[in-house]
Amino acid sequence: MSIFINRETRLLVQGITGRDGSFHARQMIGYGTKVVAGVTPGKGDQLFEGVVPVFNTVAEAVQETGANTTVIYVPAAVAAAAIFEAADAGLALLVCITEGIPVLDMTLVMSYVSERGARLIGPNCPGLISPGQSKVGIIPGNICAPGRIGVVSRSGTLTYEIIHQLTGQGYGQSTCVGIGGDPIIGTNFIHCLSAFEADPDTDAIVMIGEIGGTDEQQAAEFVSRAVTKPVIGFIAGQTAPPGRRMGHAGAIISGSSGTAAEKMQALATHGIGVMKRPADVVPLLRERL
Amino acid sequence: MNLHEYQAREILKRHGIPVPDGDVAATPDEVTAIAARLGGRGRVVVKAQVHAGGRGKAGGVKLAATPGEAKAMAQEILGMTIKGLTVHKVLVAPAADIASESYVGIIVDRASQRPVLMVSPAGGIDIEEVAAKTPEKIHRLAIDPRYGLLPHQAQGLAFSLYKDIAQVRAAADIMQKLYAAFTGTGASLAEINPLITTAAGQVLALDAKIVVDDNELDRRPEIAALRDASAEAPSEVQARKAGLTFIKLEGTVGCCVNGAGLAMATMDLVKYYGGEPANFLDIGGSSNPQKVVNALRIITADPNVKAILFNIFGGITRCDDVANGIVQATRQFPLPVPMVIRLTGTNEQEAVQILTQAGFSALTDMDEAVKQAVAKTQGRAA
Chain A
1 MSIFINRETR LLVQGITGRD GSFHARQMIG YGTKVVAGVT PGKGDQLFEG
51 VVPVFNTVAE AVQETGANTT VIYVPAAVAA AAIFEAADAG LALLVCITEG
101 IPVLDMTLVM SYVSERGARL IGPNCPGLIS PGQSKVGIIP GNICAPGRIG
151 VVSRSGTLTY EIIHQLTGQG YGQSTCVGIG GDPIIGTNFI HCLSAFEADP
201 DTDAIVMIGE IGGTDEQQAA EFVSRAVTKP VIGFIAGQTA PPGRRMGHAG
251 AIISGSSGTA AEKMQALATH GIGVMKRPAD VVPLLRERL
Chain B
1001 MNLHEYQARE ILKRHGIPVP DGDVAATPDE VTAIAARLGG RGRVVVKAQV
1051 HAGGRGKAGG VKLAATPGEA KAMAQEILGM TIKGLTVHKV LVAPAADIAS
1101 ESYVGIIVDR ASQRPVLMVS PAGGIDIEEV AAKTPEKIHR LAIDPRYGLL
1151 PHQAQGLAFS LYKDIAQVRA AADIMQKLYA AFTGTGASLA EINPLITTAA
1201 GQVLALDAKI VVDDNELDRR PEIAALRDAS AEAPSEVQAR KAGLTFIKLE
1251 GTVGCCVNGA GLAMATMDLV KYYGGEPANF LDIGGSSNPQ KVVNALRIIT
1301 ADPNVKAILF NIFGGITRCD DVANGIVQAT RQFPLPVPMV IRLTGTNEQE
1351 AVQILTQAGF SALTDMDEAV KQAVAKTQGR AA
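Residue numbers (our numbering), protein chains in the order written: chain A, 1 to 289; chain B, 1001 to 1382.
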């Protein structure tokens, strides 16, 4: 098994005829993802690569093809609109790769998406992959291998580095999820940890965080309360300089400075194995499995 | 993007929030003129305009009794550095006659995924300490962005600041206008600290901070035009123009990485192996050799850099594009220091071939590359 996506995933690509959308649609098809439809308004009569039907609207695409998941590659200026449309069409899983969506737009998007019972992953994320089953997004398929480690990360290329270390040393992955680095994201560490805990085919979880916010601290607290599987974690930004922070609201709302040291401490306190560098991932997993 | 206090005051004023008189100056003579105009009978305050917190504690905010004194203060403050930033402008305002200081701020809250309004009757420079030690003195409200800040919500919070109903109404009005300013500028933070009452009972916004969400700038050219490039480090301005994210640090290993998380992890690893990173540099996700050329120009302009470290994990970024950029750059200008290149992922083989033909070697292991780069800064073999 896996979390969020698997062999049954029927994928729709919003922005399939665009530069990024078309490139990654080909990669996903090549990986074996069931790409069943594309959407580009005004190109509703085309066939992408001669096989994938393109529709003018998401609703039409869902109705005609039974798509249950969408991945969004449209430009930032229209990305919030694309998420609204996908949520309205009744899709269960929305994955938004696009970066640069204004955070105030995301406050509106999140109310809309959660009221319709959909799950959003991202925005500003690399998407997810259940190796050997389905890839939704931009994580390079060739660095992954099927297996029993769950990976959840706020980062993009750093996630690839960790997956590369895992695969290279014989640890395949059940699912790797890039949750995105924006202040407002649809799926957070806790959602993923909870899903991995419930997944019978995941034995251990690697979480990759970074400086800023308090998501990692809350996730660590959740792990000590609700996760029985071994968890190890990495926090990027140990050498990041203290910012020239303006205003006080950030510190007041989070009650935290969001430094790597504070986060690593929280991970350790809650029984999570703390990696000092990416290469520690496999040795730490071996200790705990 | 940070706005200066004087810019934030202008925005609040435009939204109808009462702000004391005041003006911005770039020279001591301008300060004298403003102080003479404002200060007629009383003292003025001269405040450094830099994008850094803790200005007062750093000596960047001073009181002056006369225009002559204001000029002397301005001479001290203009040109001083606060947290590495040079002061080019000061705000001159009448010294307020303060009866009470409150705090009013709006921020996008990651946890509730909404704008949250926070107010406290214990405003002023120690507000963070108040929040940490006596959190019951901070009142919060998550705003539903579909409806905005409703009148009864603002008034309810205003009652936690004042007893006098005229002041409560004035503060509630200010909160609603602040929310309008917050959404109207595409802010991620808008803050009045302190919100004061005067001896005469007036409620005024004495100091204001606005941080604009960078993702809003494309659709708000009038806000983007407020950017003050002179208030930022020149190398950071140059990097932004080239589409790179760059932060200068004090170390000797110049880092060029794709992706912010991997860039931070690379800097951490430099430190782990006994070196010090000279910068944070993210070339982003695109595959453009010119970006690499620009990145190398910026890194090599730093005289502290003793070795350059590339760490590229190809995904969207193609390793061959990075390799081409490295080769193009070294044809355009000689590199003054040794370089260690690590690349793996998309089109790695093509990249290795391009680099080998140009006389460079490339590694595939991140730890090995970092170790070698650190060793080169220390003049030894890894």
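Because the hints were derived from the structure by calculation, they are not lab data.
Warning: the hint list may mix true and false statements.
Claimed, not checked - Chain A stretches covered by chain B per the calculated footprint, using a threshold of three residues with CB under 8 Å from any CB of chain B: (1) 35 to 44; (2) 58 to 65; (3) 81 to 89; (4) 152 to 162; (5) 191 to 198.
Claimed, not checked - A few chain B positions that, by computed beta-carbon distances, are all more than 12 Å from chain A: (6) Val1108; (7) Asn1193; (8) Asn1215; (9) Glu1276; (10) Phe1360; (11) Ala1375; (12) Arg1380.
Unchecked claim - Listed next, the in silico EDC-like pairs over lysine to aspartate or glutamate satisfying Cα-Cα at most 20 Å (straight line): (13) Lys229(A) x Glu287(A); (14) Lys1057(B) x Asp1144(B); (15) Lys276(A) x Glu1276(B); (16) Lys276(A) x Asp1023(B); (17) Lys1013(B) x Glu1276(B); (18) Lys43(A) x Glu60(A); (19) Lys276(A) x Asp1126(B); (20) Lys1177(B) x Glu1368(B); (21) Lys1133(B) x Asp1144(B); (22) Lys1062(B) x Asp1023(B); (23) Lys1271(B) x Asp1144(B); (24) Lys229(A) x Glu262(A); (25) Lys1083(B) x Glu1222(B); (26) Lys34(A) x Asp20(A); (27) Lys229(A) x Asp201(A); (28) Lys276(A) x Asp1365(B); (29) Lys1271(B) x Glu262(A); (30) Lys1271(B) x Asp1302(B); (31) Lys276(A) x Glu262(A); (32) Lys1241(B) x Glu8(A); (33) Lys1371(B) x Asp280(A); (34) Lys1241(B) x Glu1222(B); (35) Lys1241(B) x Asp1302(B); (36) Lys1013(B) x Asp1302(B); (37) Lys1133(B) x Glu49(A); (38) Lys1271(B) x Glu8(A); (39) Lys1271(B) x Asp1365(B).
Beta carbons are placed, not taken as given, at the ideal position from N, Cα and C, and that holds for glycine.
Now the hints, each set against the structure:
1. Here's how the region 35 to 44 of chain A fares: 0 of its residues keep a CB closer than 8 Å to some CB of chain B, so the rule of at least three is not met and the hint is violated.
2. Counting residues of the region 58 to 65 of chain A whose CB falls under 8 Å from any CB of chain B gives 0; the rule of at least 3 is not met.
3. Counting residues of the region 81 to 89 of chain A whose C-beta sits closer than 8 Å to any C-beta of chain B gives 0, which falls short of three, so the coverage hint is violated.
4. Only residues whose C-beta sits within less than 8 Å of a C-beta in chain B count toward coverage, and the region 152 to 162 of chain A has 9 of them, enough to reach three; the restraint holds.
5. Residue count for the region 191 to 198 of chain A with a Cβ under 8 Å from a Cβ of chain B: 0. That is fewer than the three needed, and the coverage hint is violated.
6. Taking the minimum C-beta to C-beta distance to chain A, about 5 Å, the non-interface status of Val1108(B) is violated against the 12 Å cut.
7. With 12 Å as the threshold on Cβ separation, the claim that Asn1193(B) sits away from chain A is violated: the shortest Cβ distance comes to roughly 6 Å.
8. Distance check for Asn1215(B) against chain A: the nearest CB is about 5 Å away, which does not clear 12 Å, and the non-interface claim fails.
9. Listed as outside the interface, Glu1276(B) is inconsistent with that label: its C-beta sits roughly 8 Å from the nearest C-beta of chain A, within the 12 Å cut-off.
10. Distance check on Phe1360(B): its Cβ is at least 21 Å (rounded) from any Cβ of chain A, clearing the 12 Å threshold; non-interface status holds.
11. Listed as outside the interface, Ala1375(B) is consistent with that label: its C-beta sits roughly 17 Å from the nearest C-beta of chain A, beyond the 12 Å cut-off.
12. Every Cβ of chain A is farther than 12 Å from the Cβ of Arg1380(B); the closest lies at roughly 21 Å, confirming the non-interface assignment.
13. About 13 Å separates the Cα atoms of Lys229(A) and Glu287(A), which keeps this hinted pair within 20 Å; it holds.
14. A threshold of 20 Å between alpha carbons decides the hint, and for Lys1057(B) with Asp1144(B) the separation of about 36 Å lies outside it, so the pair is violated.
15. For the given pair, Lys276(A) sits about 16 Å from Glu1276(B) by alpha-carbon distance, which is consistent with the 20 Å threshold.
16. Of the supplied pair hints, the one linking Lys276(A) and Asp1023(B) is violated, its CA atoms being roughly 50 Å apart against a limit of 20 Å.
17. For the hint linking Lys1013(B) to Glu1276(B), the alpha-carbon distance of about 46 Å lies beyond 20 Å, and the restraint is violated.
18. In summary, the hint linking Lys43(A) to Glu60(A) is supported, as the alpha carbons are separated by about 13 Å, within the 20 Å threshold.
19. Note on Lys276(A) and Asp1126(B): the hinted pairing is violated, with a Cα-Cα distance of about 35 Å set against a maximum of 20 Å.
20. Taking the CA atoms of Lys1177(B) and Glu1368(B), the gap is about 56 Å. The hint is violated against a cut of 20 Å.
21. Restraint check: the Cα-Cα separation between Lys1133(B) and Asp1144(B) comes to about 29 Å, which exceeds 20 Å; the hinted pair is violated.
22. For the proposed pair Lys1062(B) and Asp1023(B), the alpha carbon gap of about 15 Å is at most 20 Å, so the pair holds.
23. With a C-alpha separation of about 44 Å, the suggested pairing of Lys1271(B) with Asp1144(B) is violated against the 20 Å cut-off.
24. For the hint linking Lys229(A) to Glu262(A), the alpha-carbon distance of about 23 Å lies beyond 20 Å, and the restraint is violated.
25. Distance check on the hinted pair: Lys1083(B) and Glu1222(B) sit about 28 Å apart at the alpha-carbon level, beyond 20 Å; violated.
26. Only pairs whose Cα atoms come within 20 Å are accepted, and Lys34(A) paired with Asp20(A) is accepted, the gap being roughly 18 Å.
27. The suggested pairing of Lys229(A) with Asp201(A) holds, with an alpha-carbon distance near 11 Å, which does not exceed 20 Å.
28. For the given pair, Lys276(A) sits about 17 Å from Asp1365(B) by alpha-carbon distance, which is consistent with the 20 Å threshold.
29. For the suggested pair Lys1271(B) and Glu262(A), the alpha carbons sit about 18 Å apart, so the restraint of at most 20 Å is met.
30. Restraint check for Lys1271(B) and Asp1302(B): the C-alpha separation of about 19 Å stays at or below 20 Å, so the hint holds.
31. Our distance criterion of 20 Å between C-alpha atoms is met by Lys276(A) and Glu262(A), whose separation comes to about 14 Å.
32. About 44 Å separates the Cα atoms of Lys1241(B) and Glu8(A), which puts this hinted pair outside 20 Å; it is violated.
33. For the hint pairing Lys1371(B) with Asp280(A), the CA-to-CA distance comes to about 16 Å; that is within 20 Å, so the pair holds.
34. Using a Cα cut-off of 20 Å, the hinted pair Lys1241(B) and Glu1222(B) holds, with the two alpha carbons roughly 18 Å apart.
35. A hinted pair counts as satisfied when its Cα atoms are at most 20 Å apart, and Lys1241(B) with Asp1302(B) qualifies at roughly 18 Å.
36. Between Lys1013(B) and Asp1302(B) the alpha-carbon distance is near 42 Å, which puts this suggested pair outside the 20 Å criterion.
37. Note on Lys1133(B) and Glu49(A): the hinted pairing is violated, with a Cα-Cα distance of about 62 Å set against a maximum of 20 Å.
38. The hinted pair formed by Lys1271(B) and Glu8(A) fails the criterion: a straight-line CA distance of about 45 Å is larger than 20 Å.
39. A hinted pair counts as satisfied when its Cα atoms are at most 20 Å apart, and Lys1271(B) with Asp1365(B) qualifies at roughly 17 Å.
The earlier numbered hints that this structure contradicts are 1, 2, 3, 5, 6, 7, 8, 9, 14, 16, 17, 19, 20, 21, 23, 24, 25, 32, 36, 37, 38.
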